[in-house]
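Participant: Work out the full structure: start from the sequences and follow the hints.
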Amino acid sequence: MFDLFNVNKFQTLTAIAAPFPQKNVDTDLIIRIERCTGTPKEELGKYAFEMARFLPGGAENPDFVLNQPRYRKAQIMVCGEFFGTGSSREVAVWALESLGVRCVIAPSFGQIFFNNCFQNSLLAIVLPAPEVEALMRKASQPDAAPFTVDLAQQTINGTVHFDVAPRNKKMLLEGLDEIGLTLAMEPKIAAFQAADRLRRPWIYPS
Amino acid sequence: MMPQTMFDKIWDQHVVEDLGDGVQLLHVDRHLMHELSGHRGQLELKARGIRMRNPGLTIGSMDHVVSTAPGAKGGNAPWADKMIDTFRLESRLAGVKIYDIGQDGQGIVHVVGPELGFTLPGVTLLCGDSHTCTHGALGALAWGIGTSELTHVLATQTIVQQRPKTMCAHFDGKPARAVTAKDMILALIGKIGTAGGVGYAVEYAGEAIRGLEMEGRLTVCNLSIELGAKTGMVAPDEKTYAYLKGRRHAPTGALWDQALASWKTLPSDAEARFDLEYAIDCSSLAPQITWGTSPEDVIGVDGTIPGNKPEALAYMGLTAGKPIAGTKVDRVFIGSCTNSRLPDLRAAAEVVRGRKAAKHVNAWVVPGSWRIKQDAEAEGLHQIFLEAGFEWREAGCSLCVGVNGDLVEPQARCVSTSNRNFVGRQGPQARTHLASPAMAAAAAIAGEIVDVRSF
Chain A
260 MFDLFNVNKF
270 QTLTAIAAPF
280 PQKNVDTDLI
290 IRIERCTGTP
300 KEELGKYAFE
310 MARFLPGGAE
320 NPDFVLNQPR
330 YRKAQIMVCG
340 EFFGTGSSRE
350 VAVWALESLG
360 VRCVIAPSFG
370 QIFFNNCFQN
380 SLLAIVLPAP
390 EVEALMRKAS
400 QPDAAPFTVD
410 LAQQTINGTV
420 HFDVAPRNKK
430 MLLEGLDEIG
440 LTLAMEPKIA
450 AFQAADRLRR
460 PWIYPS
Chain B
32 MMPQTMFDKI
42 WDQHVVEDLG
52 DGVQLLHVDR
62 HLMHELSGHR
72 GQLELKARGI
82 RMRNPGLTIG
92 SMDHVVSTAP
102 GAKGGNAPWA
112 DKMIDTFRLE
122 SRLAGVKIYD
132 IGQDGQGIVH
142 VVGPELGFTL
152 PGVTLLCGDS
162 HTCTHGALGA
172 LAWGIGTSEL
182 THVLATQTIV
192 QQRPKTMCAH
202 FDGKPARAVT
212 AKDMILALIG
222 KIGTAGGVGY
232 AVEYAGEAIR
242 GLEMEGRLTV
252 CNLSIELGAK
262 TGMVAPDEKT
272 YAYLKGRRHA
282 PTGALWDQAL
292 ASWKTLPSDA
302 EARFDLEYAI
312 DCSSLAPQIT
322 WGTSPEDVIG
332 VDGTIPGNKP
342 EALAYMGLTA
352 GKPIAGTKVD
362 RVFIGSCTNS
372 RLPDLRAAAE
382 VVRGRKAAKH
392 VNAWVVPGSW
402 RIKQDAEAEG
412 LHQIFLEAGF
422 EWREAGCSLC
432 VGVNGDLVEP
442 QARCVSTSNR
452 NFVGRQGPQA
462 RTHLASPAMA
472 AAAAIAGEIV
482 DVRSF
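Taken in order, these protein sequences are the chains called A and B. Sequential numbering of the first sequence, starting at 260, is according to this note's numbering. Sequential numbering of the second sequence, starting at 32, is according to this note's numbering.
The hints are all genuine.
With a Cα cut of at most 20 Å, we get these calculated SDA-like pairs of lysine to any residue:
id: 1; chain 1: A; residue 1: K397; chain 2: A; residue 2: T414
id: 2; chain 1: A; residue 1: K428; chain 2: B; residue 2: Q55
id: 3; chain 1: A; residue 1: K282; chain 2: B; residue 2: G338
id: 4; chain 1: A; residue 1: K428; chain 2: B; residue 2: G51
id: 5; chain 1: A; residue 1: K300; chain 2: B; residue 2: K77
id: 6; chain 1: B; residue 1: K270; chain 2: B; residue 2: G242
id: 7; chain 1: A; residue 1: K282; chain 2: B; residue 2: P337
id: 8; chain 1: B; residue 1: K196; chain 2: B; residue 2: I223
Derived DEER-like restraints, expressed as beta-carbon distance ranges:
id: 9; chain 1: A; residue 1: T414; chain 2: B; residue 2: R278; range: 50 to 58 Å
id: 10; chain 1: A; residue 1: D409; chain 2: B; residue 2: R484; range: 54 to 62 Å
id: 11; chain 1: B; residue 1: P341; chain 2: A; residue 2: E309; range: 22 to 30 Å
id: 12; chain 1: A; residue 1: E302; chain 2: B; residue 2: R484; range: 45 to 53 Å
id: 13; chain 1: B; residue 1: K113; chain 2: A; residue 2: R331; range: 31 to 39 Å
Derived by calculation from the structure, the hints in this document are not laboratory data. Just so you know, even glycine gets a beta-carbon here, dropped at the ideal spot from N, CA and C.
Facilitator: Now the structure itself:
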């Protein structure tokens with residue numbers, strides 16, 4: 260029997276939300292590929308959004324949302340359409356987590372990025388575009404209060420309802436480890452392969 | 032029985048357990064690894080003290096961080112060599128077959144999977160790389176995964192997955208001369224957008240798809256991820272079987288016959304319904320080229336630059352309303368898992384033959400695999416490129432992603448046969464125009480974006 264790894268839980272989060280309306284933010288923009296070559300997960304935040312966050316020369320770009328004093332501690336990002344498109348690099352999720360981001364809200368996500376979020380404890384919420392825009396307006400107000408995301412209730416600020424796949428919800432609420440769960444199903448995997456070897460023997464090198 | 036799509040048939044054959052709410056545990060028949068994402072998964076597995084479940088169902092190669100400099104035999108930085116060594120060692124300890132640098136079988140994983148006959152119709156195939164959808168060209172169900180899912184595959188030979196919806200994209204009509212697989216799929220991305228495929232597994236069908244050889248189908252399926260789709264696939268046919276027969280990992284003898292009988296049951300039933308359908312008329316397409324920073328920013332090479340994305344135009348250094356043709360280029364890249372196969376190199380060489388690259392253009396040809404490089408050299412293609420002033424390099428991902436240090440300079444403009452024109456993709460501030468191999472070759476000769484039909 261294998262120990263279940265301790266995965267961080269996500270239950271409720273009250274935090275500053277940063278508006279980031281840019282569309283088609285790809286994982287190359289979230290983190291450059293050459294930063295994926297050995298930096299420990301916890302340190303990847305320094306490279307998150309590197310090309311947008313810093314000016315050529317290395318100074319901070321004051322226009323980038325997360326460099327603005329009121330959004331420096333943002334843990335929620337309200338994003339434009341198709342956030343996380345592109346490469347499968349899971350470092351994009353680790354970089355966001357290392358930066359302190361725990362929830363991303365967008366009208367749609369790159370699908371590999373979306374899956375990678377739930378393999379960690381980054382809650383990715385899909386909402387219709389008008390609702391995302393309303394949240395973005397709210398986050399942009401000078402006196403914007405922190406947002407509260409409640410996964411159990413599936414609400415943002417108590418009023419905006421969001422959908423989440425039941426399994427993803429359970430994984431995050433309980434901090435479950437998918438590898439551990441599947442390893443516990445080993446007899447079913449073995450039975451599948453035994454039957455499949457008869458049905459499709461060419462799949463399995465002898 | 033209910034008529035089924037090819038996607039549904041393959042998915043259903045791989046369900047190990049239904050986990051409820053549309054989520055299923057699927058068997059993974061084939062797993063491909065490259066050094067960059069592969070070694071990280073191997074180390075995660077090791078850290079957890081878990082043994083790889085089915086090493087015989089995985090193969091690996093080196094592509095992302097290898098140097099493609101002529102004659103190179105490793106990475107081009109100490110960290111790259113270290114990563115390659117880790118991947119080699121962990122693969123050997125686990126019993127995974129690796130096609131290493133300098134060996135027949137080495138190359139971009141999405142090139143060598145089909146080339147080795149490791150990719151087969153009807154299999155589930157996963158890899159820690161978003162362009163894994165490429166393998167759908169053989170009628171496989173294939174998609175890219177992150178490190179955690181990769182580790183899950185190593186540990187369990189399965190994947191937990193939400194079932195996507197189905198889409199069919201019909202490519203009708205006969206494409207004109209110089210209109211290629213690359214132009215067909217770019218046109219679809221331009222039509223429905225890079226988020227147009229989110230939530231869907233796409234089947235490519237129609238006369239123009241049937242007319243493509245396997246390499247062209249691989250190009251079409253390769254860009255499924257740029258459509259936002261889970262995967263893309265083409266029904267296997269006689270071309271598929273002829274392509275596979277005799278390849279290194281393909282079944283032989285009685286197993287081949289048994290496999291073939293099974294593969295012939297895979298194509299979608301005539302009455303099968305898709306959740307969404309699109310049609311593209313290929314007979315009216317011009318060669319395509321991108322002008323912005325997303326693959327959906329695409330026009331015919333005879334078109335004018337649109338004004339709907341000012342930020343993209345500012346990044347690209349272009350002016351709305353001007354023709355795209357005539358835009359001066361600095362770099363040309365012919366390569367990547369999209370367009371680095373032998374017919375791609377032949378098409379480029381056909382344009383280049385007897386001509387010279389413009390003096391200000393630095394043009395590269397990077398074959399997709401060691402085998403393609405040998406075959407191309409046997410045909411003398413390398414001589415055509417070298418005599419024209421192109422660089423002829425070793426197999427790898429190279430300038431498509433730049434992780435090996437192959438980069439386009441800031442603000443330099445590159446016509447590239449790769450798959451992503453994202454901000455900074457080919458290097459900080461680099462400007463990328465995606466196009467077919469023939470279009471890229473023509474740009475190198477003319478020194479500017481040019482309609483290859485004028486050659």
